[in-house]
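Protein chains: 2
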Amino acid sequence: MISLPSFSDIEKAHHRIRPYIHHTPVLSSKSINEMVGADLFFKCENLQKVGAFKFRGACNSVFALTDEEAKNGVCTHSSGNHAAALALAARMRGIPAYIVMPENAPEIKKIAVAGYGAQITFCTPTLEARESTLKKVAEKTSSTEIHPYNYFNVICGQGTAAKELIEEIGHLDVVMAPVGGGGLLSGTAISTKALLPNARVIAAEPAGADDAFRSFYSKYLQPSVAPKTIADGLLTSLGSLTFLIILKEVDQIVTVSEEGIVAAMRMIWERMKIIIEPSSAVPLAAILENKLDVKGKRVGIILSGGNVDLGKLPF
Amino acid sequence: MISLPSFSDIEKAHHRIRPYIHHTPVLSSKSINEMVGADLFFKCENLQKVGAFKFRGACNSVFALTDEEAKNGVCTHSSGNHAAALALAARMRGIPAYIVMPENAPEIKKIAVAGYGAQITFCTPTLEARESTLKKVAEKTSSTEIHPYNYFNVICGQGTAAKELIEEIGHLDVVMAPVGGGGLLSGTAISTKALLPNARVIAAEPAGADDAFRSFYSKYLQPSVAPKTIADGLLTSLGSLTFLIILKEVDQIVTVSEEGIVAAMRMIWERMKIIIEPSSAVPLAAILENKLDVKGKRVGIILSGGNVDLGKLPF
Numbered sequence: 001m002i003s004l005p006s007f008s009d010i011e012k013a014h015h016r017i018r019p020y021i022h023h024t025p026v027l028s029s030k031s032i033n034e035m036v037g038a039d040l041f042f043k044c045e046n047l048q049k050v051g052a053f054k055f056r057g058a059c060n061s062v063f064a065l066t067d068e069e070a071k072n073g074v075c076t077h078s079s080g081n082h083a084a085a086l087a088l089a090a091r092m093r094g095i096p097a098y099i100v101m102p103e104n105a106p107e108i109k110k111i112a113v114a115g116y117g118a119q120i121t122f123c124t125p126t127l128e129a130r131e132s133t134l135k136k137v138a139e140k141t142s143s144t145e146i147h148p149y150n151y152f153n154v155i156c157g158q159g160t161a162a163k164e165l166i167e168e169i170g171h172l173d174v175v176m177a178p179v180g181g182g183g184l185l186s187g188t189a190i191s192t193k194a195l196l197p198n199a200r201v202i203a204a205e206p207a208g209a210d211d212a213f214r215s216f217y218s219k220y221l222q223p224s225v226a227p228k229t230i231a232d233g234l235l236t237s238l239g240s241l242t243f244l245i246i247l248k249e250v251d252q253i254v255t256v257s258e259e260g261i262v263a264a265m266r267m268i269w270e271r272m273k274i275i276i277e278p279s280s281a282v283p284l285a286a287i288l289e290n291k292l293d294v295k296g297k298r299v300g301i302i303l304s305g306g307n308v309d310l311g312k313l314p315f
Numbered sequence: 316m317i318s319l320p321s322f323s324d325i326e327k328a329h330h331r332i333r334p335y336i337h338h339t340p341v342l343s344s345k346s347i348n349e350m351v352g353a354d355l356f357f358k359c360e361n362l363q364k365v366g367a368f369k370f371r372g373a374c375n376s377v378f379a380l381t382d383e384e385a386k387n388g389v390c391t392h393s394s395g396n397h398a399a400a401l402a403l404a405a406r407m408r409g410i411p412a413y414i415v416m417p418e419n420a421p422e423i424k425k426i427a428v429a430g431y432g433a434q435i436t437f438c439t440p441t442l443e444a445r446e447s448t449l450k451k452v453a454e455k456t457s458s459t460e461i462h463p464y465n466y467f468n469v470i471c472g473q474g475t476a477a478k479e480l481i482e483e484i485g486h487l488d489v490v491m492a493p494v495g496g497g498g499l500l501s502g503t504a505i506s507t508k509a510l511l512p513n514a515r516v517i518a519a520e521p522a523g524a525d526d527a528f529r530s531f532y533s534k535y536l537q538p539s540v541a542p543k544t545i546a547d548g549l550l551t552s553l554g555s556l557t558f559l560i561i562l563k564e565v566d567q568i569v570t571v572s573e574e575g576i577v578a579a580m581r582m583i584w585e586r587m588k589i590i591i592e593p594s595s596a597v598p599l600a601a602i603l604e605n606k607l608d609v610k611g612k613r614v615g616i617i618l619s620g621g622n623v624d625l626g627k628l629p630f
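Residue numbers (the numbering used here), protein chains in the order written: chain A, 1 to 315; chain B, 316 to 630.
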């Protein structure tokens, strides 16, 4: 029997992580609103610690451990934001973090994770090597594995972003998030349906990595095979837990083009003067490409993160 | 007898423009603070309307006019942020704005100014042509000229940014602003000396456009001749009014290298996830280049704007 997170689990998570996270601002742009004919409210998780919402889930997972569970530390495999988030959360609790990273992870990510004091084990860049290396590390250190998204307390932590958004802005007709592994989307959906039962929860996904879209409409969990998108936070498949929640709580999943993602990203950079990574731009891309009707509506959008390599911009 | 703005003029300006401006946030970065060994508080005028502090001064100037003065509109020559700021402020008051722009102004600026409903007159890109064209436009329309910085009510408007910063953050040891024409620096200095008499006001300027530095230390107003810097908001000379205020209220002016400006800009983009234009990065560049001692101090920094051409980034 799988236990799904409820909104009261998200409330507990919020209480637990509040001393450690940034309460990120909600920004709006008059010019973007005029362009799309709707009121968009952007929850700025690009301004969260480590530059992404991932810190919420990692932090909740680390601080939810008992002292006994925590003392041997935590571990995960990740080449991205979850690794940095888990490393920082572990440092805040004063426990070790063991991170398995593929050798070809971006240098900037390796430096960030090492900078937070994590112990890194490098492996060849295949899912098999990552998982087998992690298994060895976990056995050797007796540390607790914290999966980047298919993990109860990670999902509860990610749900606190939408909770803050709705508590600040009030009524919304639609709440949107990008979907990769589904941790953010799951938490967002649970918070939204609890606080605004009539709001629609709509996920946006790159057409080049549309496994969530296919899984949602076929009701059959389909893996992400050879995804191809600039939105590098959205390459992974859904997990067993996130897929169940998404089937139950999400109203719609739409897909967008690569050009649409770059255009939406550029619009947010130029009009709002904030740096977002391509994954964050996917919901606005869906609106700009008319994949859903938001005319006259109040729409909340989670901007998932702001970690980009400034040397490799798409414009 | 020249009348210099006092802090009470800035208070009046703030009261006047408060319904129209954004009260911009003050952001900090733990990692930048650790790097420089000081507490830096960034006042985010890149998030101001039209993407720059310039809107404060333009707005104050437009709304300070009597109905009789205002009815024929306002005019200026500008290729940059002041033109957009004045156009938007005039539209908000419902009066015409006549902007003289050099033909070679960036296309994006022309579109922005036209988008705010201003009437643009193009001229050849020399100061003489700009001034003579503006004179003709002003005579023909009987509109009021609003100079971009050497103008009493512009300076009062710009001073409201530092006023908000200090009201929010409280005690500061140092307040920094970049210096171009000196409008922002003048207003910043007046607000700071009134609210924090013991704080030092320090301006930062590109070494490749160091006319304010030379003028300040020689006590003789020296023009900006063939300035060369990426900080395109800081190319102009001081004005008669701003020079007097700066001599009276500013404690120090330091200069920075071009490499330093780019490095500071990149640091703010990467660490703070906000978009600033090169001019905004000049004060942080001065700190990173050890041009002043801020160890253990609380330092307020005005980030002047965020208007950059994303197609022409220096990294």
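Hints listed in this document are in silico derivations from the structure and should not be mistaken for laboratory results. Glycine included, C-beta positions come from ideal geometry on N, C-alpha and C. Heads up, some of the hints might be wrong.
[To be verified] Residues from chain A shown here face chain B by an in silico Cβ test under 10 Å; the list is partial:
#1 27
#2 44
#3 46
#4 47
#5 49
#6 69
#7 92
#8 95
#9 225
#10 226
#11 227
#12 230
#13 269
#14 276
#15 315
[As the list claims (entries may be wrong)] Keeping only pairs whose Cα atoms sit at most 20 Å apart, straight-line, the calculated EDC-like set for lysine to aspartate or glutamate is:
#16 455/B <-> 384/B
#17 110/A <-> 354/B
#18 627/B <-> 168/A
#19 30/A <-> 232/A
#20 612/B <-> 483/B
#21 312/A <-> 168/A
#22 136/A <-> 103/A
#23 193/A <-> 249/A
#24 610/B <-> 573/B
#25 312/A <-> 483/B
#26 109/A <-> 232/A
#27 627/B <-> 270/A
#28 140/A <-> 128/A
#29 425/B <-> 547/B
#30 451/B <-> 547/B
#31 312/A <-> 624/B
#32 109/A <-> 483/B
#33 610/B <-> 547/B
#34 612/B <-> 349/B
#35 455/B <-> 383/B
#36 606/B <-> 383/B
#37 424/B <-> 249/A
#38 425/B <-> 232/A
#39 543/B <-> 566/B
Against the structure, the hints:
1. Of the supplied interface hints, the one on residue 27/A holds, with its beta-carbon coming within about 8 Å of a beta-carbon of chain B, less than 10 Å.
2. Among the interface hints, the one on residue 44/A holds; its C-beta lies about 8 Å from the nearest C-beta in chain B, closer than the 10 Å criterion.
3. Interface restraint check for residue 46/A: the shortest CB-CB distance to chain B comes to about 5 Å, inside 10 Å, so the restraint holds.
4. The criterion of a C-beta within 10 Å of any C-beta in chain B is met by residue 47/A, whose closest approach is roughly 6 Å, and the hint holds.
5. Evaluation of the residue 49/A hint against chain B yields a held restraint, the C-beta minimum of about 8 Å falling below 10 Å.
6. About 28 Å separates the beta-carbon of residue 69/A from the nearest beta-carbon of chain B, more than 10 Å, and the hint is not met.
7. Interface restraint check for residue 92/A: the shortest CB-CB distance to chain B comes to about 12 Å, outside 10 Å, so the restraint is violated.
8. A least Cβ separation of about 20 Å between residue 95/A and chain B goes past the 10 Å threshold, and the interface hint is therefore violated.
9. Because the closest C-beta pair between residue 225/A and chain B is about 32 Å apart, greater than 10 Å, the hint is violated.
10. For residue 226/A, the suggested interface contact is broken, since its CB lies about 30 Å from the closest CB of chain B, more than 10 Å.
11. With a least beta-carbon distance of about 25 Å to chain B, the hint placing residue 227/A at the interface is violated under the 10 Å criterion.
12. At a threshold of 10 Å, the smallest CB-CB gap from residue 230/A to chain B is about 15 Å, leaving the interface hint violated.
13. A distance limit of 10 Å between C-beta atoms decides the matter here; for residue 269/A the minimum to chain B is near 6 Å, and the interface restraint holds.
14. Using the Cβ-Cβ criterion of 10 Å, the hint placing residue 276/A at the interface with chain B is satisfied: the shortest such distance is roughly 8 Å.
15. For residue 315/A, the interface hint holds, since its Cβ comes within 10 Å of a Cβ in chain B; the closest pair sits about 5 Å apart.
16. Between residue 455/B and residue 384/B the CA atoms are separated by roughly 15 Å; this keeps the pair inside 20 Å, and the hint holds.
17. Between residue 110/A and residue 354/B the alpha-carbon distance is near 27 Å, which puts this suggested pair outside the 20 Å criterion.
18. At most 20 Å may separate the alpha-carbon atoms for a hinted pair to count; residue 627/B and residue 168/A exceed this at roughly 37 Å.
19. A distance of roughly 29 Å separates the Cα atoms of residue 30/A and residue 232/A; the hinted pair therefore is violated under the 20 Å criterion.
20. Among the hinted pairs, residue 612/B with residue 483/B is consistent with the structure: their alpha-carbon atoms are about 17 Å apart, no more than 20 Å.
21. Note on residue 312/A and residue 168/A: the hinted pairing is violated, with a Cα-Cα distance of about 35 Å set against a maximum of 20 Å.
22. Our distance criterion of 20 Å between C-alpha atoms is met by residue 136/A and residue 103/A, whose separation comes to about 17 Å.
23. A distance of roughly 7 Å separates the Cα atoms of residue 193/A and residue 249/A; the hinted pair therefore holds under the 20 Å criterion.
24. Taking the CA atoms of residue 610/B and residue 573/B, the gap is near 23 Å; set against the 20 Å cutoff, the hint is violated.
25. Using a Cα cut-off of 20 Å, the hinted pair residue 312/A and residue 483/B is violated, with the two alpha carbons roughly 37 Å apart.
26. With a CA separation close to 13 Å, the supplied pair residue 109/A and residue 232/A stays within the 20 Å bound.
27. Distance hint between residue 627/B and residue 270/A is fulfilled; the C-alpha atoms sit about 13 Å from each other, no more than 20 Å.
28. Of the supplied pair hints, the one linking residue 140/A and residue 128/A holds, its CA atoms being roughly 18 Å apart against a limit of 20 Å.
29. As the CA atoms of residue 425/B and residue 547/B are separated by approximately 16 Å, the hinted pair is consistent with the 20 Å bound.
30. The straight-line distance between the Cα atoms of residue 451/B and residue 547/B is roughly 27 Å, outside the 20 Å bound, and the hint therefore fails.
31. The hinted pair formed by residue 312/A and residue 624/B meets the criterion: a straight-line CA distance of about 16 Å does not exceed 20 Å.
32. At most 20 Å may separate the alpha-carbon atoms for a hinted pair to count; residue 109/A and residue 483/B exceed this at roughly 35 Å.
33. For a cut-off of 20 Å, the pair hint linking residue 610/B to residue 547/B is broken: about 30 Å separates their Cα positions.
34. Between residue 612/B and residue 349/B the alpha-carbon distance is near 12 Å, which keeps this suggested pair within the 20 Å criterion.
35. The straight-line distance between the Cα atoms of residue 455/B and residue 383/B is roughly 17 Å, inside the 20 Å bound, and the hint therefore holds.
36. Distance check on the hinted pair: residue 606/B and residue 383/B sit about 49 Å apart at the alpha-carbon level, beyond 20 Å; violated.
37. Of the supplied pair hints, the one linking residue 424/B and residue 249/A is violated, its CA atoms being roughly 45 Å apart against a limit of 20 Å.
38. Between residue 425/B and residue 232/A the alpha-carbon distance is near 35 Å, which puts this suggested pair outside the 20 Å criterion.
39. Between residue 543/B and residue 566/B, the direct Cα distance comes to roughly 25 Å. Violation of the 20 Å bound is thereby established for this hinted pair.
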